[in-house]
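Undergrad: Chain by chain, the residues run as shown.
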Amino acid sequence: MPFKIYKKYVMLLAFTAPALIFYAIFLLIPTISGMYYSFTDWNGLNPNYSFLGLGNFVEALKEDPDFLNSLWFTLKYVLVMIVLQNVLALVLAVLIESRMRSKGFFRTIFFMPNMISTIISAFMWTFVFSSVLPQIAEKTAIAFLGQSWLGDPKVSFFSIIIVSLWNGVGYMMIIYLAALQGVPQSLKEAAIIDGANAFQTLRSVTLPMITHAITICFFLTLNGAFKVYEVVYGLTGGGPGRSTQVITMNIYEEAFSNNFRYGYASAKSVILFAIVLIFTLIQLRVMKKKEVEA
Amino acid sequence: MRLKKANSLLITLLLCAGAIVSFFPIYMAVINSFKTQGEMFASFTALPTKLHFENYSQAFIQTHLLNSALNSTIISFVGIGGIVICSALAGYKLSRTRGKMSSAIFFLFVASMLVPFHSIMIPLTRMAKDLSVQGSTYGLALIYIGLGVNMAIFLYHGFVKSIPRELEESAQMDGCNEFQTFFRIIFPLLLPITVTIAILDFLWIWNDFLLPLLMLTDVNHYTLILSTNMLFGEYNKDWSLILAALVLTSIPVILIYAFFQKFIMEGIAEGAVKG
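Residue numbers (this note's numbering), protein chains in the order written: chain A, 560 to 853; chain B, 70 to 344.
To be clear, the hints were calculated from the coordinates, so they are not data collected in a lab.
Below, computed lysine to any residue pairings styled on SDA-like, alpha-carbon distance capped at 20 Å: (1) A:LYS786 <-> B:LEU183; (2) A:LYS621 <-> A:GLU812; (3) B:LYS169 <-> A:LEU571; (4) B:LYS230 <-> B:SER172.
Isolated chain B, as found in the complex (with noise of 0.2 Å):
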């Protein structure tokens, strides 16, 4: 018994190193936005003397973060209802449909889930370019939402099979036809997989560099990555400035962790076990 005991306080040690480790360099990024130039090169590790809200404030107008925040909102918003509609129209209807032409069209979608992003970003450049979507918000969610629906409609899929038959039925006795079924009954019943995938896709999307890094031109367009990589570019040893920056574009996605960890673990979970 005793050893067990030993062995449990060793397994909470452990864990509470690695935590601090883990830890550690969101604790630097806090402690040190707060702090001058000066300050930080006294100490890195000190606390800061006074708080220095000044660094915030610099780096709150340098991002233009209303501003490319309210860009990744609407990227986020309608990319994420764009592959919420259309994924579960289709995958829902794929998983109740037999035959030939249904197998293709759902094997052409998930197959693609193998296709790295950077196998296509140039064409998909040329194609953005051609479509003149880009350099646009809402082109960029329509992009998203041509990459998103493949693992959307794999996990809309999966789902539909619990769903049983009988309710579409009776609905169609009682005189609905297949889009009001859809929406009225169905749809609200693939709720807890809607949630998954709007987690999933929004983590995606939100924190996604590279994609509006090629479509993006105009700086007024800028998600919250691209503005903060901007400043990281220009500033590139202002420590106290580029800290607050990265302190401040983490804040929304930490915000949504402490609301929905739940969900976001469940999803994860639910993702790579239909994955």
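Just chain A, same shape as in the assembly (with noise of 0.2 Å):
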């Protein structure tokens, strides 16, 4: 029988290798080797270098300001993200639940957005920020549309935010939307004969039968919201000056524009992987434990 065990083998490699290759060369290599330059002081081109140790890694967290600034606007925008993504997203999904007739309408208008590149839709909002809203307030003396959108760090936060609500919300709003066809139309039929009014129904047997949806969507936005980039490098290009910079576009910065400090940028790209990591592991326990309760 070993010949139909060696046989096994190499059908499984057989049939993975095309899928490996790919992955191995334009994945995991680059991970790896990624990890191997932010121990060193390499600029991408020079064939010597020397061993930092740690050193890139402590510059990085105690030494580079324009970095944690950048790493705290980041997780700013992750926490509002995940909050009013999916509050805003349930919302939507519940709303057009409750429509029989115009849900097909409402779930188009709402998920177009989401088809337009991000990069796109950053333009296209440039316009209306820069543009459009200060003439309305003009004609018509809300003073409030006529802030400077783009160009006041405190306020650009929040464009930053509208933006990337407008564009991703329509996805999320998808997935809840599945999972509340999914909940038995009896339950909540029965929760309403024992007196139980929309909002008690939608806490005590809506949501509790749709946990595994929001942990997936909070798993989303949390991983992409801190690769955000294309909203930001679209609407405010990280400025004025670095106040609304994201991780991604200082880690950008650092290796292809600024100095071609390749290892010093590698090792603030494992600092973003290792946070992405932490983060979603610990979401995705409080929440498993959630699902388990429910």
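Got two chains here, each in a separate frame; can you build the complex from them with the hints?
TA: The structure is reproduced here in structure tokens:
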């Protein structure tokens, strides 16, 4: 029988080889070599470079205010996005789910922005923020619309959030809608017969039934939000100054447009990876517990 | 009963208000793309008095639209084709084979889904340079295969479980070898999940910005998104031209959306449940 076992492995390798080759070259090896570079002072060109140990990491986390600011800005962004994106998507999904006739129409409208490339969305909104809203403010005397949407760091944080939500809510909404459709109608009816109002039914019946969707949407938002780049690039370019710079932008700048510090930028990438990993693991742990309770 | 009706009306109004806000930027982009600069400064919200198609012809030329759309199409199709074939093969076999090696390979793919693209973009650029695939349309498509197989394998792996083993066994009785069995019997049965993967990957690759920005150096190889980005940089405040380009760039995905709406929605839901 050893021939059969041998054949099993040959077949396994034959079927997985095409995928493994592409995967190894463009994902696995870059991941590993990026980690390796992160311990060096390599500039990307010079064949001679030296080992710094943890030097890059210490520098990034202790002596690099720009990096720390971008890290802090990204964390704020992630937190706000997780809350707002999921609340908004869930509210939309619940409202749409209750419409019998117009369900398809609203689903289509709210999902449409998701189809448009993030960078194109950001350009469209730049037009709205920089030209349309100020003009409306002038004509209608609603001063609020005329504020510096992209020029004032405090306001542009919210402009970035608005565009990100516009772009991303539809996706989460679809997942929530699919989950809501899986909740048996009889359960909701039973709750209503027992005297629960719409809100109580939602809280005690519907939400516990869709915890898996909440877990997934939190996970997707968390992962996506840490990688934010295009929206900020298109809207503010990280400015004014570096006030709206996100981590990914900081890494890009370090490696490609600043000093070509490949090694140092790689260390920052590893820090990003570690943060995403830690947050994801914590989130999945916490949510899994909730799922078991429900 | 009355209260219920009032509630229902309120919900409809809320949703309509949301829909208007959601549609507002697209509407603004479309109506203003037909105006001259002067008309815009008079009023952004008014409808255009006359349709100025010059903006579109100008944007069409400036973005090298036909050429960049062709590049985007090649990259998407080669990328998706590669992802589908490689992942279907691997996902199927990994799902059917038991044992430590099979689990290890599967784990390797799945775990890599957590690696953020930005964490590998620097060494990836290096790798592309070393293999001289940087700057080439097909080279970029190959990179998408490498980055896309993990998610697709995961989806195929889950889907294969729903296909009865008896089908393969009878095919092999009839004298098919493993590859014949796969391509003749299994692959056609994977169609629903293949459609899902193709759509999700199409939206990703077609709309992607950063990877083409890093990989493509020659304007002739630019994707549609890159060409539009370049235009935005060059004609920063010439909104009539830029808006026309933004609308042109979005038309293909909106058309795809119109045709495949049902599949896209199902695909997202499916991808999420499995993911």
